[in-house]
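Enquirer: Sequence:
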Amino acid sequence: MKIRPALLRLLALVALGLVFLAYFQPSLMQGLSEQIWACF
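Counting from 1, one number per residue, gives the positions in the sequence shown under the working numbering.
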């Protein structure tokens, strides 16, 4: 299975965005993770 470079770049940007949010907005990420956790 070959992943397109554009898709890989998008995934990298999403990952960076999440890290950025987790670093600068810990309370927001905590609320988000709690919502995700509640789904399982």
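Rather than coming from a laboratory, the hints here were simulated on the basis of the structure.
One or more hints might be untrue.
[As the list claims (entries may be wrong)] Computed Cβ-Cβ distance ranges for the label pairs, DEER-style:
{"#": "1", "residue 1": "L7", "residue 2": "I36", "range": "31 to 37 Å"}
{"#": "2", "residue 1": "E34", "residue 2": "K2", "range": "33 to 39 Å"}
{"#": "3", "residue 1": "W37", "residue 2": "R9", "range": "27 to 33 Å"}
{"#": "4", "residue 1": "K2", "residue 2": "F24", "range": "15 to 21 Å"}
{"#": "5", "residue 1": "L7", "residue 2": "L32", "range": "19 to 25 Å"}
{"#": "6", "residue 1": "K2", "residue 2": "G31", "range": "32 to 38 Å"}
{"#": "7", "residue 1": "E34", "residue 2": "V14", "range": "28 to 34 Å"}
{"#": "8", "residue 1": "A12", "residue 2": "F40", "range": "32 to 38 Å"}
Just so you know, even glycine gets a beta-carbon here, dropped at the ideal spot from N, CA and C.
Enquirer: State, for the Cβ atoms of K2 and G31, whether the hinted interval 32 to 38 Å holds or is violated.
Expert: holds, 37 Å
Enquirer: With respect to the beta-carbon atoms only, verify the hint that E34 and K2 lie 33 to 39 Å apart.
Expert: With a Cβ separation near 36 Å, E34 and K2 satisfy 33 to 39 Å, so the hint holds.
Enquirer: The hint says 32 to 38 Å between A12 and F40; measuring C-beta to C-beta, is that right?
Expert: violated, 26 Å
Enquirer: Within 28 to 34 Å or not, the Cβ separation of E34 and V14?
Expert: Once the Cβ atoms are compared, 20 Å apart, the range 28 to 34 Å for V14 and E34 is violated.
Enquirer: Taking the CB of L7 and the CB of L32, does the distance hold inside 19 to 25 Å?
Expert: The hint (19 to 25 Å, Cβ to Cβ) holds, given that L7 and L32 are roughly 23 Å apart.
Enquirer: The hint says 31 to 37 Å between L7 and I36; measuring C-beta to C-beta, is that right?
Expert: 22 Å Cβ-Cβ, so the 31 to 37 Å window is violated.
Enquirer: Using the Cβ atoms, figure out if W37 sits within 27 to 33 Å of R9.
Expert: With a Cβ separation near 29 Å, W37 and R9 satisfy 27 to 33 Å, so the hint holds.
Enquirer: Looking only at beta-carbon atoms, does the pair K2, F24 fall within the given range of 15 to 21 Å?
Expert: Once the Cβ atoms are compared, 35 Å apart, the range 15 to 21 Å for F24 and K2 is violated.
The earlier numbered hints that this structure contradicts are 1, 4, 7 and 8.
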